[in-house]
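Enquirer: Residues per chain are reported as follows:
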Amino acid sequence: MPNPLTTKHGIALALLAIAFTPVGRWLESSMTSHVLVELPLLVSFGFILGKQQYARYDAGLKLINRGGIFGIIVVSFMLAFWMIPRWLDASLNNYWVAYAKYVSMLTIGILLALSWPKAHPITRAIVKIEFLTMLYRLGWIYLISPERLCNNYLLSDQVWLGRGFLVVGLILAISWLLPVFFGATFNTPHQERKPLLKHRGYITD
Amino acid sequence: MLKTKPHWPSTFAATLALLAGIAALAWGTDGGKAWTAEAARRLAVQENPIPLPTATLISQHTQNTTELLAGSAGPELILMEFIYTRCPTVCLAMGAEFRQRQAQLIADGQQRRVKLLSLSFDPQDTPADLQDYLQRFSAAPEIWSAAIFANAEELEHMKQQLGVIVILEPKLGFIHNAAVYVIKAGKVVAILEHDDRSGINSIIEQFIPPAMPVLSELNKHAQPAHY
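In order, the protein sequence lines correspond to chains P and D.
The first sequence runs 1 to 205 under this note's numbering.
The second sequence runs 1 to 227 under this note's numbering.
None of these hints come from the bench; they were simulated from the model.
Here the structure is a predicted model, which is why all the values come from computation and not from measurement.
Watch out, some of these pointers could steer you wrong.
What the hints assert, rightly or not - One side of the interface only, derived from the structure: several residues of chain D facing chain P at Cβ under 10 Å:
#, residue
1, S10
2, T15
3, A37
4, A107
5, D108
6, G163
7, L172
Every residue gets a Cβ at the ideal spot worked out from N, C-alpha and C, and that includes glycine.
Same shape as in the complex, but just chain D:
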């Protein structure tokens, strides 16, 4: 059969190397699930929610709204996105998705428990720019707010904590990932693609169980939905 004699130390070493190599690749991709940094960070946050660093935010009404991100004082669930108002493409799509999400929250009667927050990472954005952005998408002020960071260091710290990488391209503007951060009790519990409607639906259902059918019917009749 075999005309060559196996050299057992080499065979042993080669087999070991093969197994170790496969193990290393499995570890490096979380079992084949995360091949990109983005996928890895989204997978990691589900196991280990990221606590939000404190940040002083200035809302579109030039008010300090740190309680928007705080744990106990704030709403039950916050859907947060990083945007900048001069964005020609992605942020417009994200705004349109948020408008859709706002309508959905009102239709489901969850508008008091789930809030939307558009956070600008562009130091050049002003509260007036935020106001323009929100009006463009018919944002209801009680549901959807926008804010800028008062402090550049806190912005950097937030970006670092959440793994947000922003590249400034001279011709294209800022390049960044269009992700929605789901925040509960001051911690990021999930990161999803901004247009992943079914994913966001199931996260909301997971953390905010739907009210009993009878009550939600009463709600629908008692409060006319307005945008």
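In isolation and in its complexed conformation, chain P is listed as follows:
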């Protein structure tokens, strides 16, 4: 069982590397790697941290995070904010915006780790669908926009990011749908526990 203190330090080190060394500048040099590599990397740092420290972080949020709804709403708006081209651009021009971005991504990861286990299958399905459609929408916009949306990146950068969004969206859609065809939705333990579905007479098997 890994020592939680070591994981925390490892993540802090990686975060400092991204924020203050050329590693971060290299990740941010292309629009595609900035959005599809650096941001998911930071979110996964937060996610790992959240999983490691679940009991401790959840103790504070348990009261207001029933069903993970609060956490997922916060995550959605934070993500939407950093998808605005203006703020992605600003994070490259201004230190404080960059720090805010790093903290936001960590928070998104932590909240996901805390909220996802509590989330009902319907909540999870809604989140997945909305996330996929967000990827497709953004991908399409970045692909076809004739004007440069970010002052720090070229038009060609933008087009590559658009393609990247659509590819990631496609991969996720396939990987999430595949289990459905192989019995993932038959008689899940959650459904057994939820009287709501039984009352409505849904066939759970």
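Assemble the complex: chain P is given as a structure, and chain D must be docked to it using the hints.
Expert: For chain D alone, kept in the frame of chain P given last:
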């Protein structure tokens, strides 16, 4: 009706988060008006004109022309663009637009009150290059000037103050936004797209009210327009 019991602290927190999230997005886009950095900066300059930092410029005649940008000594309104003379695409379109604008200013009799300035951000441009550029577009010297920066630091400072970001692409040259900066009394009062003719027209009308119809008719007859 509801088979589940609401958990009020969670409902409260979720609603708060929803409202806060919407407020944050509204703030982050200036009420849905500015989704890009460019749109944000153009919106901001209308509320808060940006004072121009001092800069020593060298015109196409290799003269120091700091008064071109200064407040009291200069013309009433200056339309300024950032260009570089080796530009294969955008700057040519910008030059053509300026030529059109020059003709319009002469036709409207405003050529003494509104001046055009093409400022090069390329350290490799020389006054001779500027002269070539201006001649390519039949620039009238009293109306349309071009200049380079004498000092690299002042160029960087100017770019930073005005929010100009220039990317050097090895194959494509400099990538930059094609914007026109409207300067009045040493401050940038508006930033517009270079080919936004109606926008620039209304800005000029806003700051330079048109002369009385009788006077402008007299002007048209008294001075033959020359390019």
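Enquirer: Classify the hint on L172 of chain D as holds or violated, based on whether any CB of chain P lies nearer than 10 Å to its CB.
Expert: Holds: closest Cβ of chain P sits about 8 Å from L172 of chain D, inside 10 Å.
Enquirer: Does T15 of chain D meet its interface restraint, that is, does its C-beta lie within less than 10 Å of any C-beta in chain P?
Expert: holds, 9 Å
Enquirer: Under 10 Å, Cβ to Cβ, is where A107 of chain D needs to be relative to chain P, so tell me if that hint holds or is violated.
Expert: For A107 of chain D, the interface hint is violated, since the closest Cβ of chain P sits about 31 Å away, which is over 10 Å.
Enquirer: Identify whether the interface hint at S10 of chain D stands, where standing means a beta carbon of chain P within less than 10 Å of its own.
Expert: holds, 4 Å
Enquirer: Does A37 of chain D hold up as a contact with chain P if the rule is Cβ-Cβ below 10 Å?
Expert: With a minimum Cβ separation of about 4 Å from chain P (threshold 10 Å), the hint on A37 of chain D holds.
Enquirer: Identify whether the interface hint at D108 of chain D stands, where standing means a beta carbon of chain P within less than 10 Å of its own.
Expert: Violated - the Cβ of D108 of chain D stays beyond 10 Å from chain P, reaching only about 30 Å at its closest.
Enquirer: With a cut-off of 10 Å on the beta carbons, see whether G163 of chain D makes it to chain P.
Expert: holds, 8 Å
Hint check: violations occur at hints 4, 5; the rest are consistent with the structure.
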